[in-house]
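A.B. asks: So you can see what is in the structure, the chains are spelled out below.
Number of protein chains: 4
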Amino acid sequence: MTKVKVGIINVTGYAGVELARLLYLHPEVELASVTGRSAAGKRLGEVLPHLASIDLTIEAELGEVELAFSAMPHKESAKQVIPLLDRGIKVVDISADFRLKDATEYRRWYGFTHPAPQLLKQAVYGLTELYRSQVAPAQLVANPGCYPTGAILALAPAVKAGLIEPDIIIDSKSGVSGAGRTVSLQTHFAEANEDATAYALDGHRHLPEIIQELKLLCPQGSLSITFVPHLIPMTRGILTTGYARLASGKVSVDQKGREKLFQLYQDFYKDEPFVKVVEFPPHTKHTWGNNLCLIHPTIDTKTGRLVVISATDNLVKGAAGQAIQNMNLMLGLPETTGLEALAIYP
Amino acid sequence: MTKVKVGIINVTGYAGVELARLLYLHPEVELASVTGRSAAGKRLGEVLPHLASIDLTIEAELGEVELAFSAMPHKESAKQVIPLLDRGIKVVDISADFRLKDATEYRRWYGFTHPAPQLLKQAVYGLTELYRSQVAPAQLVANPGCYPTGAILALAPAVKAGLIEPDIIIDSKSGVSGAGRTVSLQTHFAEANEDATAYALDGHRHLPEIIQELKLLCPQGSLSITFVPHLIPMTRGILTTGYARLASGKVSVDQKGREKLFQLYQDFYKDEPFVKVVEFPPHTKHTWGNNLCLIHPTIDTKTGRLVVISATDNLVKGAAGQAIQNMNLMLGLPETTGLEALAIYP
Amino acid sequence: MTKVKVGIINVTGYAGVELARLLYLHPEVELASVTGRSAAGKRLGEVLPHLASIDLTIEAELGEVELAFSAMPHKESAKQVIPLLDRGIKVVDISADFRLKDATEYRRWYGFTHPAPQLLKQAVYGLTELYRSQVAPAQLVANPGCYPTGAILALAPAVKAGLIEPDIIIDSKSGVSGAGRTVSLQTHFAEANEDATAYALDGHRHLPEIIQELKLLCPQGSLSITFVPHLIPMTRGILTTGYARLASGKVSVDQKGREKLFQLYQDFYKDEPFVKVVEFPPHTKHTWGNNLCLIHPTIDTKTGRLVVISATDNLVKGAAGQAIQNMNLMLGLPETTGLEALAIYP
Amino acid sequence: MTKVKVGIINVTGYAGVELARLLYLHPEVELASVTGRSAAGKRLGEVLPHLASIDLTIEAELGEVELAFSAMPHKESAKQVIPLLDRGIKVVDISADFRLKDATEYRRWYGFTHPAPQLLKQAVYGLTELYRSQVAPAQLVANPGCYPTGAILALAPAVKAGLIEPDIIIDSKSGVSGAGRTVSLQTHFAEANEDATAYALDGHRHLPEIIQELKLLCPQGSLSITFVPHLIPMTRGILTTGYARLASGKVSVDQKGREKLFQLYQDFYKDEPFVKVVEFPPHTKHTWGNNLCLIHPTIDTKTGRLVVISATDNLVKGAAGQAIQNMNLMLGLPETTGLEALAIYP
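Protein chains in written order, with the working numbering: chain A, 167 to 512; chain U, 167 to 512; chain D, 167 to 512; chain V, 167 to 512.
Hints are supplied without guarantee of correctness; some may be wrong.
[What the hints assert, rightly or not] To be clear about the criterion: a stretch of chain V counts as covered by chain U if any three or more of its residues have a C-beta under 8 Å from a C-beta of chain U, and this derived list gives those stretches: (1) 210 to 219; (2) 232 to 244; (3) 484 to 490.
[Said to hold, decoys possible] Quick list of in silico lysine to any residue cross-link-like pairs, SDA-like style, CA-CA up to 25 Å: (4) A:169 - D:193; (5) D:436 - A:468; (6) A:422 - U:369; (7) V:326 - D:367; (8) U:169 - V:222; (9) A:208 - V:352; (10) A:208 - V:349; (11) A:468 - U:273; (12) D:436 - A:220; (13) A:416 - U:436; (14) A:171 - A:203; (15) A:468 - A:498; (16) U:416 - U:470; (17) U:436 - V:275; (18) V:422 - D:170; (19) D:426 - V:222; (20) D:468 - V:271; (21) U:468 - A:437; (22) D:426 - V:366; (23) V:241 - V:191; (24) V:422 - D:193; (25) U:436 - V:367; (26) V:208 - U:428; (27) V:241 - V:280; (28) D:468 - V:211; (29) U:468 - A:388.
[To be verified] These stretches of chain U come out as covered by chain D in the derived footprint (C-beta under 8 Å, 3 or more residues): (30) 379 to 387; (31) 394 to 401.
The hints are simulated quantities; they were obtained by calculation from the structure and are not laboratory data.
Ideal Cβ positions, reconstructed from N, Cα and C, are used throughout, including at glycine.
One chain only, chain A, in its complex shape (with noise of 0.2 Å):
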């Protein structure tokens, strides 16, 4: 049987690197071609050790593939995604650069103004457990953001059944590859280990994408969020705590609405291969370099207020992991084809 070709643009950031380890293992599909800005010409190999066995060189244009990851960074991906489109080629898109409905968004958070608006309606927003029969027959997937996955995925069953009041906190601690590969102060060694902090307080990128999709799932149609990122010590990992008041009347505010929501909790996620409702708060650790999203509901009895955490590795089921599980049902293939891996602990 023949492999579907599939092409990495900007394979040499930390997303397009983890598609690059994950798709070496898949049975299905076939890295035929990578791109990177600055590394055109050479092995991949050279540039990063530990894909050696990958047997490519790194190209300034992507060659012929079925389907195309695009790891650019924002504005710069949306440039090179559109003439793909316009060629039929099938495209995952890892930057935010089609996740947001609104085109002046764009120009609100990034900065920019969106340079093919049309294709914002087209395009499928790909957290696959909320959309998994638009993202197959799709064409363009927007990959959401690292954040988002995991916070959208903690929030969705308790806000879809009307269970919390519409106004949501939500604190984030990211391990630091999510800032990326490009080197900063911030993520310099001795700046960034032994060391916690906030940032952007006056509003992440990824807050209008979690507002825009929770506000879909909304029974009262309108949700104010506060979202506060944290930056910590460690390579990789995203822990998300949500709070919010419960809504009078949904569940009791004693052990038997804890079980109540739990089981609500896991009835929504039944079927997903991906999401994982744990009786204990979940450690990053237990999603490392793996796609699980582990997610733990309770009810702060003492307040009467929902609770929730949700634990992902930022790299793969917040970037690269995500990606593929799109990619699969884009394909045809089974959603957790190459992506079996169990979590590598400790």
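With chain A fixed as given, assemble chains U, D and V onto it according to the hints.
C.D. replies: Same frame as chain A, but now just chains U, D and V:
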């Protein structure tokens, strides 16, 4: 001039160790006696090589001192402290045994019947910034917990001014030394490294302490608090993010409101040597090894919510440093004596 | 096709856990039974959440299997392995109990009398690259220690070719998971983080193993080795730096000699799927989670000394991965089956 | 009493930052002026928040001081130092620009022609323990490199006593702050975390410095040294392990020899306030933030080899602390002034 003799009960835990380090250079007191549970008879430097310059043998019973620090675990601490009080010795208790005013809380949160409920009234809660005048003449000071220190200092100005609705979320991220020197799987390097997790979702023992103190400041008189502690892979530091809705009509939800809020915090702490209200989200690294609490208050103008972040070193301002700050007052010394060292960075 | 049933004795240690992870995706064998010292009766996922997809209950005794891995500590392992051998089961023993050929060494280095010295001759030392043909037909394979794996592979080509004087220094730096899952002060997060130290200066138990194997390769027949292991603050990985004087007249002490040396190493390992001779000093991170050993040999031209560096993941090539590599041979499978995954980076 | 005014050239690098921290509490000198390459005009606390208590503005040119520390990179440092010397200002240069006595070495190792070779003779190599009497009257002290400090102190007693053959291996493991504050991929958190690697195998710039100093101590007059530095994932600390064959007939290769060796080291350093000869392999953590060098010498009795291990904080004894130690002597102050703080542990 003769130095005041002080002692440490249970010098071998991390709080005890840190007390010894800080007292070593204190110009007005002399560390005259230290005890340790299993290490009695050994030289201090044998058990803790970095303290080898301190010429002391670990004893089974505390020798003659004017003031004693107890760094024993809760329940055990009270047993050792009570006889010292009877002998007229001043005590700063780093354990939780005298922090809560309501004796029944000890049964609920700590699982034991308090042996001396009458002392709870006498004990002064040693959050120096709030109780300075009571600390000075006290015989018994209950040193605050590491989480309460950063949380109460972060929220006190807003609570006292009636700026926020009395419904608060406190999301704290702690380094692993907060769990102490006793080994456990949770704090095993290979488990805690590259991991983040929440814990104590049913209610952490520091919650009643936070509620007790903020309630006293609260014009409304009652208060609802959700507190979720998280463990992150660093040795020292607590970063706390507090969230609460602004009470209507107090500050405007815009940049002006932010400035007013900032001013209110600056005024509140204007004479405090160890609390700095800062213009950017603080880094725990900027408090590494010293007694500062850095606080950044802001308004999420999209939702009308106070977001306030504090950073401390859990072993200094969250334990040993604050204990010495209290000791200084109790001995009539300038409050900052021996605590002037800058943070160690990077 | 029916899969071969295999089992793990003591699945709850780090080597056992890693075996379970790697076997889960192995296409030709089925993990059919696992035992654990204190966890018998529990579901595997209860004790080790990241293994929840493996549908097994931890047992007190191993069930029916064709091949068993023992991940018990030394001395205990032999006790469990011997009865299995009597029943005709193939065994890969990850402990040290069958690595040394001379039974008296067990008394000297491990402090016990070996219960079955006759088995020491029968056991094959499972450094696959050196003993491939003996491993295939063996019933009992003694899987090498984590330090010896990287050290022997780094030095074997030079020793065998008589390139160096038989007087070697091996300086190894290990991640903390090498100390296992049993908690201790040495491996407590707050102690091991931000720390580096040497240990076992009187002689580490892996030394006789290194000597035994390198001596067999050594034309001079005798060999002096100083081996100093160090603990550094990371979870996985061993970096080993070997030093020895070049024997006179073998390679020139210049760039030409370096190239000849490099070629000799490349030839030595040219057919090896899991050993890569690399042109730059290797990073342990480039082996994270996979079975590779990366080796960089060079000459210090200022002193005429061989410097050779190897990097492995102590839990994979240094334990579980190599054990599966041996199992593959013992079961007549291609050696790389189930071990093709790339390293996880970053 | 008026304090002596001192200044720091390039306060914004890690050595400069550490100087500022340590000088802040120095009782006899006043930090009166600081310069910084791109930060001139900013308040010190704006650029380095943990230094906010130091009331200084970063200047383009150093103001009036009696003694200046240069924390500039090599080549740039000499340019700034030479005019200061002409003005009669005392200088402790933390760069390499005056460490090597032979000007041709600068072309070979640093790639530039030394601008003032005549000053190389005048400059005193500031390894205080070896050059105390020359440091005191010096105008220009060349502060040793971080690796040479730990390496030379570890080996000096054995070399000087002729105890070892003049053929030494030095294997050093350094925390990442040693690479400075300038960002790079190598020191990017996600790259350096969970990684160990060797570097500079062709010869590190600190090698000629180590050779120069040990050769001066060496009775044989010539010396062969292989030096391999390694980068390990911690912020501060250097652990150095030195290896050399014992010269025949000097000490016996047994426990007695070990004791004699230990005694010789103790005698060598018996009056040194900052060098401690210790009975167990030292931990870098036990020097975190302070000026100690811990040394453990032993004999590998199986091979007749000296193994000696030293631990320092690369930014204190390896840079800023030692610079202040030298300053104290140059100003006629007790050597330990301002350097008495214990290590911060854990």
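A.B. asks: Now look at each hint and say whether the structure bears it out.
C.D. replies: Checked hints:
| no. | hint | in the structure |
| --- | --- | --- |
| 1 | 210 to 219 | holds (count 6) |
| 2 | 232 to 244 | violated (count 0) |
| 3 | 484 to 490 | violated (count 0) |
| 4 | A:169 - D:193 | 20 Å, holds |
| 5 | D:436 - A:468 | 66 Å, violated |
| 6 | A:422 - U:369 | 17 Å, holds |
| 7 | V:326 - D:367 | 24 Å, holds |
| 8 | U:169 - V:222 | 34 Å, violated |
| 9 | A:208 - V:352 | 19 Å, holds |
| 10 | A:208 - V:349 | 24 Å, holds |
| 11 | A:468 - U:273 | 17 Å, holds |
| 12 | D:436 - A:220 | 18 Å, holds |
| 13 | A:416 - U:436 | 46 Å, violated |
| 14 | A:171 - A:203 | 21 Å, holds |
| 15 | A:468 - A:498 | 48 Å, violated |
| 16 | U:416 - U:470 | 11 Å, holds |
| 17 | U:436 - V:275 | 53 Å, violated |
| 18 | V:422 - D:170 | 57 Å, violated |
| 19 | D:426 - V:222 | 58 Å, violated |
| 20 | D:468 - V:271 | 15 Å, holds |
| 21 | U:468 - A:437 | 36 Å, violated |
| 22 | D:426 - V:366 | 20 Å, holds |
| 23 | V:241 - V:191 | 31 Å, violated |
| 24 | V:422 - D:193 | 58 Å, violated |
| 25 | U:436 - V:367 | 55 Å, violated |
| 26 | V:208 - U:428 | 22 Å, holds |
| 27 | V:241 - V:280 | 8 Å, holds |
| 28 | D:468 - V:211 | 46 Å, violated |
| 29 | U:468 - A:388 | 13 Å, holds |
| 30 | 379 to 387 | violated (count 0) |
| 31 | 394 to 401 | holds (count 3) |
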